[in-house]
Amino acid sequence: MANEKSKEKVCIPIGPVHPALKEPIQIEVEIQGERVVGTNITLGHVHRGIEWIGTRRNPIQTIYIAERICGICNICHPLAFCQAIENAANIRVPERAEYLRTIYAELERIHSHLLFLGVAAHEIGFDSILHYTWLAREKVLDVIEMLTGNRITKGILMIGGVRRDISKEQASKIREMLSYYEKVYKKLSKIFLDDITIKMRTRDIGVVSKKDALRLCLVGPTARASGIKKDTRQDFPYAAYGDLNVRALTPLDIVGEIRGDSYDRTIMRLIEIKQSMELIERCLKEMPEGPILYEQSLQRLLLNLKSVSGEGVALVEAPRGELIHYIRMEKNDFPSAWKVRAPTYANLHAVGVILNNCELADVPIAVASIDPCISCTNRAVIASEKIVLSQEKLHELCVEKTRAMKGDSL
Amino acid sequence: MDAEAFAERLKELLKDKVTNFKISTTEHGKEKRKAYRVWADVDTLYIKDIVKKLFELQEYPHFSVSSGYDAGADIEILLHFTLNYAKPHALVVFTLRTRLPKNNPVIETITDLIPGAEISEKEKREFFGIDVKGLAPGNVFLDESLAGIYPWRKDEKGAQKIVKNLHESDKDGK
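Residue numbers (numbering that gives the first Met the number 0), protein chains in the order written: chain A, 0 to 409; chain B, 0 to 173.
Honestly, the hints are just simulated from the structure, not real lab data.
Bear in mind that the values here come from a model prediction, so they are computed numbers and not experimental data.
The beta carbon of each residue, even a glycine, is placed where N, CA and C say it ideally should be.
A hint or two may mislead.
Which chain B residues face chain A? A few, computed with CB under 10 Å, are given here [unchecked claim]:
hint: 1; residue: SER63
hint: 2; residue: ALA85
hint: 3; residue: LEU90
Pulled out of the complex, with its shape left as it was, chain A reads as follows:
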């Protein structure tokens, strides 16, 4: 009887709102016993029609709409949008502005990756690391606030450049922040590379082979964790990245092997924090003097844009991977078409592969390891009338597994 029960397949909907997800999405997980045997994804629960709204606003207004696509990536979206417009309108951004854009983008990467490391630790019940990384993240948010006036929606990008320069005093504050993060990085390296807890809960969990990553067109740290050296900052010379000769990193650079599992995807974020710190330092050192805007007058800029007939496509390496924006202008006040493809859109193809054959208790960390851009709220997950798994229960299962494994290893 017990055997028959364990063979029975049960479908568990995780989401649309769930603590392991930071944006509403529904992942229906089919399990047999404790093993995941199938997944189905449904999106669109908070589809806000951003692109539709953007084609009813002028391009300058749409920069601020683009900022609101994501609460974390609000430099890379307006950056990609501005670059697509600049491509359509043949606007050459001043060199200093390209360096400033690079600094802002790398500051965003540091805060996004610190946020992820905290979420990953939380999913396995390692909450002291959640608190440590999120406390450390405050430093970069303070610096972003000092530079732009805001922690989240920064309003710093403009078509043809950026709105504010970085002064010498501000540059020295950024350097202070980098020194602080040197210490944080050392501590985080010790935790993520040496501590047994992280490894035992993420090693060989949710493996994505290099071939699958290529077939499924995965991007960013998720693809690089499977050994694909694809990084828009290395491959495509936008902003100042062409001058900086960025090299795509993989787990090989830090642990000497590539397994494409949840551990590799986690430590990719760790090593990219260090890489971002180095890039910011170089930008501060090598940034040329000069203007920061192609056109000072917004009225003149809008007038110019109104006469543009053409289309543009732009790529940016967002914290989660390749981000692409397409824009079409037809001598009108508003763009005729705007398409946004965020990296999670591409990486969601990997969820089926990652969860296949996982234990139910590994689902939260396995899904979180692609760092999906998803928000969390309290919600019960009802598998059937008899089985109700609350968010607390699923989280508890995950934490219990960590404790059990720790007990086994001691």
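Starting from the known structure of chain A, arrange chain B on it as the hints suggest.
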């Protein structure tokens, strides 16, 4: 192979099947490195042949996304690829454009060649009402209660019916 050479090879490989082939570049940074974008138009019948040809240039062509545009009588579909990746400054953004007549908007899926195109193809089906032959059933973004409404169309099948102009309600004091 650098981006320029790759773009030229792409031109050579596809010249019989595409029209309006265009290579454009933008310069960035102090070193003025060039970013390459390639554009081409293709008859819908040859989309799959073109995608197959991309495999001759690269073992795994990277499909980024497809975008679309309501051009009145037709729906334009643009397939964006990032090719020649994983090499410094060598990536080429390739955009392939095709037009589907609104009275018969049918296109063949490329998910059998590139499984990573599934979400994007389903999005185009849901938002433009395109029939994508061979694509797995099921919606990804829109609830099935919105069947018959295609939000990215600019005609009577577009999103106008479901738009709530909240500012107008405020104006009337409702």
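Practice task
Compare the structure with the hints numbered earlier in the document and write down the numbers of the violated ones, lowest to highest.
Solution key: none
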